[in-house]
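Take a look at the letters that make up each chain.
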Amino acid sequence: MTLQSQTSELLPGFDHAAFDSNAVFRVLLDALSRPGRIYDVPVSVATPDGLNATTTATLLAMADMDTTIWLSPTCVTKAATDHLKFHCGCPISDDVAKADFAVARIDDDLSFITHLSVGNAEYPDQSATLILMVDEISNAPAMKLTGPGIKDSHDLDIKKLPASFHAWRAENHHMFPCGVDVIFASPTKIAALSRTTRIEVI
Amino acid sequence: MEQLANNPADGATAYNFAYLDEQTKRMIRRALLKAVAIPGYQVPFAGREMPMPYGWGTGGVQVTAAVIGPNDTLKVIDQGADDTTNAVSIRQFFAKTANVATTEKTAEASIIQTRHRIPEKELREDQVLVYQVPIPEPLRFLEPRETETRKMHALEEYGLMHVKLYEDIARHGHIATTYAYPVMVDDRYVMDPSPTPKFDNPKMNNMAALQLFGAGREKRIYALPPYTKVKSLDFEDHPFEVQTWKDECGMCGAHDSYLDEVILDDQGNRMFVCSDTDYCAERQEAGHRGPQHHDQPLGNASREKAAE
Amino acid sequence: MYVAVKGGERAINNAHRLLAEQRRGDKKIAEIETDQIEQQLSLSVTRVMAEGSLYDRDLAALAIKQGRGDLIEAIFLMRAYRTTLPRFAFSKPIRTADMDVSRRISATFKDLPGGQILGPTFDYTHRLLDFTLMANSEDPLDAPSGEHPVDENMPRVLDDILNYEGLIQDEPVPVDDTAPVADLTREPIKFPAGRDLRLQNLTRGDEGFVLALGYSTQRGYANSHAFVGEIRYGTVSVEIEPEELGFAIDIGDIELTECETVNKFKGSKTKLPQFTRGYGLVFGQNERKAISMALVDRAMRADEMGEQIMGPAQDSEFVMEHSDNVQSTGFVEHIKLPHYVDFQGELELVRRMRAEVEERLAKLEADEAKSQPEAAE
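Protein chains in written order, with our numbering: chain A, 4 to 205; chain B, 28 to 335; chain C, 720 to 1096.
For the record, the hints were derived by calculation from the structure and aren't laboratory data.
It cannot be assumed that every hint is accurate.
Stated by the list, open to error - Using 27 Å as the maximum straight-line C-alpha spacing, the simulated DSS-like pairs for lysine-lysine come out as follows:
1. C:784 / C:1055
2. B:256 / A:154
3. A:101 / B:123
4. C:811 / B:123
5. B:123 / B:258
6. C:784 / B:123
7. B:178 / C:784
8. C:811 / A:88
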């Protein structure tokens, strides 16, 4: 394949790299600082097959040659990998343990999450962030969240979140300061769970 | 020529928005996301050399540069004051490289970069407070080795810190730490609040605003998410307490703010004024008066007192 | 009446104007040109390039001029510029074995293949002020060329001569020369640090600091007695291999000084004794720095060699955290910035403690007075 035809199939990245990545980052910073709060992603981006818009925006803002991305089997389309390689220059690995960012859909087999890196006691920051593409995020009272970033408590509902997720998350929370942080990414909104967040399933 | 050199619009075009290149910003942003997820833990980051010296706030400047967007309004304070030279210099740097709005009003700022103080006015959820940090490691003066302190944090081995504070009490009758007073974050990490006076420590607890800390020379970033438990270390028989003054602010009459001592002459005369210049100005605008305010028939309330 | 100090912005601008005026000095004297600095203060230029980690003679000359000859200020200017530059490629490892040598000496052998080449050196100058320079009438004779051309394949004392007999420890050359090399400007230092990171830290390190530590190893604050196996100074070419080309291209020459030391041997009754090594490499001609670096490099290998740590030069964490003069000058000098808020906290505490002590003493005195016999009245 020539370079020409390769680029012609490529979708554009951010309109304005500095401003758009800043806007997306600020939403992520807010979301991780205030777990369970739901945020609109203020930037619209072209979305390759396999990813959704908020996930694409998150990766465009955060990933580069120093971050390894793992995409679940349903996400790892050619369009998605081409898009990320071209715009982020990030390595895409099929080894989930190496991932800095792991991307999956809520309907996927989520058994991989136990293999994500949780960091170690001296460097708990050397852990993965899970981006879970979901259909709908709302503040219906399905989970009651407490912990740093939350004034009293927040309610959060992620449609179709399986029980196995909660089992893993409970275990993950006990590893603190090690652990995986989770970003829920619906087609238009995001919300996050920090590793510090305590979840009470209602 | 001079005008050119001093015109903030010129000379900055060769650099990216907010000076740092996008790759550096992403690296800092990733560190910030980890920092908020592990409150009080110092995340190593590949700090860059900035066009101002180490020790002048390069860590805070890098954090601000990674966070700031075109719609932000920036306030910069040093010692609580907007008009200290280094605060002026940093504010100019961002006005020049990011073309953002700047303010001296705490309430109008979306990002406040600070050295050594937390504003007196309660901060809101839509504000970010960025601290300049010289030595991020609270255990550094007990154990200079990074390899050792990192282990101590990993194992939650903070006994040495308590021993040190207790030795102070044994010797002086007080915990002899007045600034950079160590805090425990969310019952897990002992953290250095940066060299703010311990007067400001209680403001960190459950603050509505996000607090970010940048140490440029030491290449560490840490954070306190909003509404996070921050407790100053103390003992049951020696509870933590903050500084108090007998005097009020000479300009606005405040009794509740941190006061700077101003030496008036070489005869031992002095007065006290708010270290937070915006807080003091706002109170004066609202009609509050201290004894040395120029509308007051003063004179010499403090001189007379000192002379007694 | 008290009026708070204002006008920081105007003060800063005026201070900068005054600084520029003082930099220029007496306008009756011709302004120094950066070309003159580049040519005639060449050792300053190379020091600024070495510690600034940026090989650009013209920029170094500019930085020296802008910094009024303060080399640490110039190094800082270079670093702050360097950090904004994009990275196009990583060079292939340079080959000092192929150096175009201007000077090469060995202290371990009287004569050796390739010979001792004295080259440009202050070593045997008598340090007598040369007043002809003050009269600006320097017109040196052209230096004569040597009778024999310099050996193009100058053998290396450690690798080609000593190692031939197995007398010196092998320095394992990485099989994969594309393997990543640590870079402290791209990632935070983690301890224990590998030798690649340690050497990078030393070559950027402050010359005075590395010199003092090197000196300390000779005075017993380490035990790794060193011989200078070889110093060579000259130019080497730098090559990059762009992905799309698939072969290396030469992008220019740099001047380097390399020092390899032969250090105290290791061995046992059953293990063949071998000398050990220290390594120094620095931009430009700077033998002081290259030798010091080799001494400290060897000292920092204490763990690897199973040696007892007896001095600061052997303590990698100490050396690496304090070698950088842009960091140290910043932090040392920052204490001139306002600290009056913290000082106020200290004042308040000291006054309170003094009051408490005075009260206690007064009470003691009163108690003593009470217990005195009445006869004293």
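Q: List, from low to high, the hint numbers that the structure doesn't satisfy.
A: 3, 4, 5, 7
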